[in-house]
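Engineer: If you want the building blocks of each chain, they are given just below.
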Amino acid sequence: MQLDNLYQEVILDHYKNPQHKGLAAHFDAQVHHINPSCGDEITLNLTLAGDVVTSVSWDGVGCSISQASVSILTDLVIGKSLEDVEKISQSFMELMQSKGSIAGDETLLEDAVALAGVSQYPARIKCALLGWMAFKDASVQAQAKGK
Amino acid sequence: MRSMSLPKISTAEIITDFPIFTRKIRDGKRLVYLDSGATSQKPQCVIDAESNFYRTHNAAVHRGAHQLAEEATDAYEGARAIVARFLRAEIDEIVFTKSATESLNLVAYAIGNADSANRFHIKAGDEIVVTEMEHHANLIPWQQLASRTGATLTWFEVTAEGRLDLSQLDRVITERTKIVALTHQSNVLGTINPLTQITQRAHEVGAVVVLDACQSVPHMPVDVRTLGVDFLAFSGHKAVGPTGIGILWGKSKLLNELPPFLTGGSMIENVTMTNATWAKAPKKFEAGVPNMAQAVGLGAALNYLDNIGMSSIFDHEQELTRYGLQVLSEIDDLKIVGPTSSADRGGTLSFTVGDIHPHDLGQFLDAQGIAVRTGHHCAWPLTRKLGVPATTRASFYLYNTTEDIDALVTGIRAAQKYF
Numbered sequence: 001m002q003l004d005n006l007y008q009e010v011i012l013d014h015y016k017n018p019q020h021k022g023l024a025a026h027f028d029a030q031v032h033h034i035n036p037s038c039g040d041e042i043t044l045n046l047t048l049a050g051d052v053v054t055s056v057s058w059d060g061v062g063c064s065i066s067q068a069s070v071s072i073l074t075d076l077v078i079g080k081s082l083e084d085v086e087k088i089s090q091s092f093m094e095l096m097q098s099k100g101s102i103a104g105d106e107t108l109l110e111d112a113v114a115l116a117g118v119s120q121y122p123a124r125i126k127c128a129l130l131g132w133m134a135f136k137d138a139s140v141q142a143q144a145k146g147k
Numbered sequence: 148m149r150s151m152s153l154p155k156i157s158t159a160e161i162i163t164d165f166p167i168f169t170r171k172i173r174d175g176k177r178l179v180y181l182d183s184g185a186t187s188q189k190p191q192c193v194i195d196a197e198s199n200f201y202r203t204h205n206a207a208v209h210r211g212a213h214q215l216a217e218e219a220t221d222a223y224e225g226a227r228a229i230v231a232r233f234l235r236a237e238i239d240e241i242v243f244t245k246s247a248t249e250s251l252n253l254v255a256y257a258i259g260n261a262d263s264a265n266r267f268h269i270k271a272g273d274e275i276v277v278t279e280m281e282h283h284a285n286l287i288p289w290q291q292l293a294s295r296t297g298a299t300l301t302w303f304e305v306t307a308e309g310r311l312d313l314s315q316l317d318r319v320i321t322e323r324t325k326i327v328a329l330t331h332q333s334n335v336l337g338t339i340n341p342l343t344q345i346t347q348r349a350h351e352v353g354a355v356v357v358l359d360a361c362q363s364v365p366h367m368p369v370d371v372r373t374l375g376v377d378f379l380a381f382s383g384h385k386a387v388g389p390t391g392i393g394i395l396w397g398k399s400k401l402l403n404e405l406p407p408f409l410t411g412g413s414m415i416e417n418v419t420m421t422n423a424t425w426a427k428a429p430k431k432f433e434a435g436v437p438n439m440a441q442a443v444g445l446g447a448a449l450n451y452l453d454n455i456g457m458s459s460i461f462d463h464e465q466e467l468t469r470y471g472l473q474v475l476s477e478i479d480d481l482k483i484v485g486p487t488s489s490a491d492r493g494g495t496l497s498f499t500v501g502d503i504h505p506h507d508l509g510q511f512l513d514a515q516g517i518a519v520r521t522g523h524h525c526a527w528p529l530t531r532k533l534g535v536p537a538t539t540r541a542s543f544y545l546y547n548t549t550e551d552i553d554a555l556v557t558g559i560r561a562a563q564k565y566f
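Listed in order, the protein sequences are those of chains D and H.
If you read the first sequence in the numbering used here, its first letter stands for residue 1, the second for the next number, and so on.
If you read the second sequence in the numbering used here, its first letter stands for residue 148, the second for the next number, and so on.
Bound-form chain D, shown alone (with noise of 0.2 Å):
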């Protein structure tokens, strides 16, 4: 069935045990973000140690593919530098505005290439970057505080 493109295991294993959810007592920014159009939810908590991601937490509510996106990000980027995880998000990105066309740099995107299928479905893909856009903000944030 096509649906099984859009849900694979990797991704119904991140919703049933999301990871790094439940958000850290410290943090150098702490964002919110919404989306709109179907109410899902997610507060972001991001330490960085200068330019490198030390602690990733969140918590939120939203269907399996936004809340399976934001633990693969948790994965993903939790030790990495700014540097690297600009990368990741630029390839994570393409993917997702692909319209099926691409598979993903598993060497770079690990999980995330999980996330492939969601890209021949144009009302989820700003499910799968619902936490994305709160890192990214969050980030932005965290740097601004540092300096």
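All the pointers check out, no bait thrown in.
Derived pair list, reagent style DSSO-like, types lysine-lysine, alpha-carbon separation capped at 30 Å:
| no. | chain 1 | residue 1 | chain 2 | residue 2 |
| --- | --- | --- | --- | --- |
| 1 | H | K564 | D | K21 |
| 2 | H | K564 | D | K126 |
| 3 | H | K245 | H | K270 |
| 4 | H | K245 | H | K430 |
| 5 | D | K99 | H | K176 |
| 6 | H | K564 | D | K99 |
| 7 | D | K21 | H | K532 |
| 8 | H | K270 | H | K430 |
| 9 | H | K482 | D | K126 |
| 10 | D | K16 | D | K80 |
| 11 | H | K482 | D | K16 |
| 12 | D | K126 | H | K532 |
Computed list of chain H residues with no C-beta within reach of chain D, every gap over 12 Å:
| no. | residue |
| --- | --- |
| 13 | T158 |
| 14 | R170 |
| 15 | R177 |
| 16 | C192 |
| 17 | I238 |
| 18 | Q315 |
| 19 | K398 |
| 20 | P406 |
| 21 | N417 |
| 22 | T421 |
| 23 | T424 |
| 24 | L481 |
Since the hints were made in silico from the structure, they are not lab data.
In this text, all values refer to a predicted model and were calculated from it rather than measured experimentally.
Idealized CB from N, CA, C, for every residue including glycine.
Assemble chain H onto chain D, guided by the hints.
Structural biologist: Chain H alone, transformed into the frame defined by chain D:
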């Protein structure tokens, strides 16, 4: 599954009027369209009426000294007469807008334009009453009017059963109330609101009542002479008509006293370099060249519904609602958000299914060819109040059958296994 008594209208015949039902969805599946609350499908006669206007009569209405302009004006004004007959209204009480949203904004902005000598004038200390179950289109225009004028927004609360709490009627509608704006039928809960008590109290204190009838006019007989409200808005596209056309009905006397909203061509009586006076209603509210083909399409749509009969359509949807409530309530973990009996409710069924997020359920159903709506349905304060971040909504219309509902039930049960 069980079958209930046969609907009085022939859905088998009706379906053949709607060309979209001949197409297949998601790799060859039958289209099960349960999203008429968002927009209805269109019968061929409406598609023809709209395209025939362009094909044979197209010209700007109320202008031009030529035959096409005459024909276009006749078609456009003919559509107005059809709408008036459909609502049991006077022809001059029908204003064409681009949408129900525009109709509601028209009333809100026009009231905001009323100077201190006008009966509609609103100021700090006045109150505007809405309800917690309003669609954003009948909430935000009033929030904005309140913030522009200093008036206070107050509201009727919604009970856990999804009904309006009228126990504090006299405390919600007060001597300071100028406007009461509410929905006839909730687009989320399906609740049909009782109007008599509210309109009586509103008129007792000198307030006007504005009714959002988007979910009622397409689905039940509506007679504006007996509703007791002062203004009513609905959209063409939810009533098997085209997009881009909405209706504002208002009592003649009130429309004539209400200042204009949009100004420009067509809506004037006399213009100098420094001043202008207004045409009589409804033209006063129709600035610019209107959506003519869409108005004509709406006329065809309402004639189509009238031929089938609004009472028959309502009965059919009641039958579907009773059946839907029954079979959905038999699904484990499914919770209906809204009244669980068919009394005073229409064919809009919102629900949650355990921990399955509505977006995921909607996507799963879509893969079976079943179209539903998911999310907060443009009534975010309501879903917040009810403590559900989002719901799945199935909404019925004249072309739906109990088979469609059976397909929905099968789909939900399969989704429960999948997620």
